[in-house]
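Chain A is already provided as a structure; the job is to place chains B and C on it using the hints.
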Amino acid sequence: MTDQKSPAPAPAAGTADDAARVAEFEARIARGESIEPKDWMPERYRKQLVRMMSQHAHSEIVGMLPEGNWITRAPSLRRKMVLLAKVQDEAGHGLYIYCGTETLGVGREELVDQLLTGKAKYSSIFNYPTLTWADIGVIGWFVDGAAIVNQTMLAKASFGPYARAMVRICKEENFHKKQGYESVATLANGTPEQHAMVQDAVNRWWWPSLMMFGPSDKDSPNSAELIRWRVKRDTNDTLRQRFVDLTVPQARAVNLTLPDPDLRFDEESQQWEFGQIDWKEVYEVISGNGPCNRERLAARRKAHEDGAWVREAAEAYAAKRNVVSAA
Amino acid sequence: MSRESEMGNRESSNGGSTDGWVPGAKPATATSGIAQNPVFEHLLRLADDRLVLGHRLSEWCGHAPILEEDIALANIALDLIGQASMLLKLAGEVEGKGRSEDALAYFRDAIEFRNAQLVELPNGDFAVTIVRQFLFDAWDVLVLERLAAVSNEALAGIAAKALKEARYHLRHTAEWVRMLGDGTAESHARAQRALDDLWPYTAELFLADAVDAEAVAAGSGVDVESFRSRWRQTVEQVLGEATLAIPKDGFAPRGGRTGRHTEYLGRMLADMQSLARAHPGAAW
Amino acid sequence: MTKDTVSATGGATTAAETQWDLWEVFTQEGEGAPHEHAGSVHATTPEHAMQNARDVYARRGKIVSLWVVPSGAIIASAPSDSGPFFDPGNDKAYRHPQFYKTPRGVRGL
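Residue numbers (my numbering), protein chains in the order written: chain A, 1468 to 1794; chain B, 8 to 291; chain C, 1330 to 1438.
Looking at chain A on its own, in the form it has when it is part of the complex (with noise of 0.2 Å):
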């Protein structure tokens, strides 16, 4: 789910101490044992993991938005219970995700000032809008759905508290496939109109869901590195193709056709080939101008800000009590 696009930089030359270190440390990964925030890692795993933690956190964080720009609209009580129980697990997992990351010594604020201030990155199928009610059951459909697909393989990520924030997410993100395509097959059989809503939406949300897998395999320089210390176990095109095969008998299913014209099934190896994915559209989105990556920003940062003084008066409510918080 993270954009993978810089080159990785040549490993820095260790002592002998160190290269023992890091072979111990890759075996122990071998071994399929779990690293804990105790344990000795290389600096650079550490770096990763942040990275890789921290954008995640920041996906589901942003990802409230904009789904949440329908909950006050949304057509029926139970459809607006289901959004709002949806969206509310998003901000959970972002939270889970950064308490995971503070156990590798970096605070949430320090992680909220990087997202704020676009230092960070998050998901880009985030940056685009919701036009119409349609665009929420598809999100779940095929957005959560890309999203159980990358979260899966990451319930056995090497990093303990990251794995184990997964197992607890993945949990969670069943209910949200489901009730998207609910909604999607509800609406696909429901009034001309209701069809022509969810196709639409359909059009507009495949290519950039594809996208979410990042960049292909021989333009992602960080896949064998991340393979090897267990934090990615399928490479990107792996993981794309497993949902391109899910998805299409699902749109099938409800009479809904994908917006590719290449899209044809390959007898002999079993699965469904697709058309180029535009990558320039992909990186005009993540450098930051995707239709509403100001606006994601400018909403989380509204937020934050109209929010200090309400965190300060907690801080001071509590300091005049000398209650006893973290030693």
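Bear in mind the hints are in silico, worked out from the structure with no lab data behind them. Take these hints with a grain of salt, some might be off.
[To be verified] Straight-line alpha carbon distances no greater than 30 Å define the calculated DSBU-like cross-link-like pairs of lysine-lysine that follow: (1) C/LYS1430 - A/LYS1645; (2) A/LYS1645 - B/LYS168; (3) A/LYS1623 - A/LYS1645; (4) C/LYS1421 - B/LYS96.
Below, chains B and C alone, put in the same frame as chain A:
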């Protein structure tokens, strides 16, 4: 409806009886206060409070001061909307005209809503939201305690479950009132201002009328007037701990219980109902 | 880095810039079960931490009890201890029932 005056000669076309039209009479309309079905009306009052307040709270999603509070406010909103849904469903059954909870939520106009004005006011800043929620929660616990014991079993069941939720809401909002009131100078000022602005709207929570009396007699309602002093006790205790001054009682807006709302409600419903009304009859 | 100290569990413990202090959360899923570490929350007082923990970690499932502990209060064993601290516990086979050979067919063992 017994005014005698008639305008000119009135002879009905069906020979003999007048058509019953009396110029100065007060017909039953959405805001007349004349309720054809008091039990139904009373249920709408209970349900609409929660629907409108839950909707207001849901507007905070993604914009709260800190993640933990985003989750907490969403919890309260979900509880309230869930309660509203169950109460509206029951109301529709009592009305007996085949209106589902969604039909009642999305296809009534503002003047048909029966919530107190307090809950339709905009969220304002976090202090306004929390103080408003606290004032409501302190009242809500009392209402639900009484409702959980009425003879209408369906209603009592909904209330018993809702009471557990409301007790937790009160715990949460009371703690925040303390934190804001006795936090920083800024939070204290904002909380006091919120309290001063919202206080007049609390009077309506304790106004009971014939609709309530009939619902109580039918075993399906509560007499809200009876809670006033216990509510004041709870509220004054927490406000005292929060170092906030109790506002004086004065002008007390009213009318929500009979459909006379502030202009805020119409705009809120225009947002809330827009999509459902754009596709009448559609399933979601 | 904004942290001043690192807690025993590795996390930042102070939050001078208003993201509140860190608390670890333990949940008990059902009567008689052990309390397990669920994650952490930010909060300012014990009551506040308890509420936040309930809202974040007890929304689903049958949580019957919650503990919240300031992160800095947790004393954890260090990984470097693992040899002398834990290994001796590993190789005393006589503490395990499988060590003992008893005649077959005798009940209640």
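Next item on the list: Could you tell me which of the hints above the structure violates, numbers in ascending order?
Entry: Failing hints, ascending: 1, 4.
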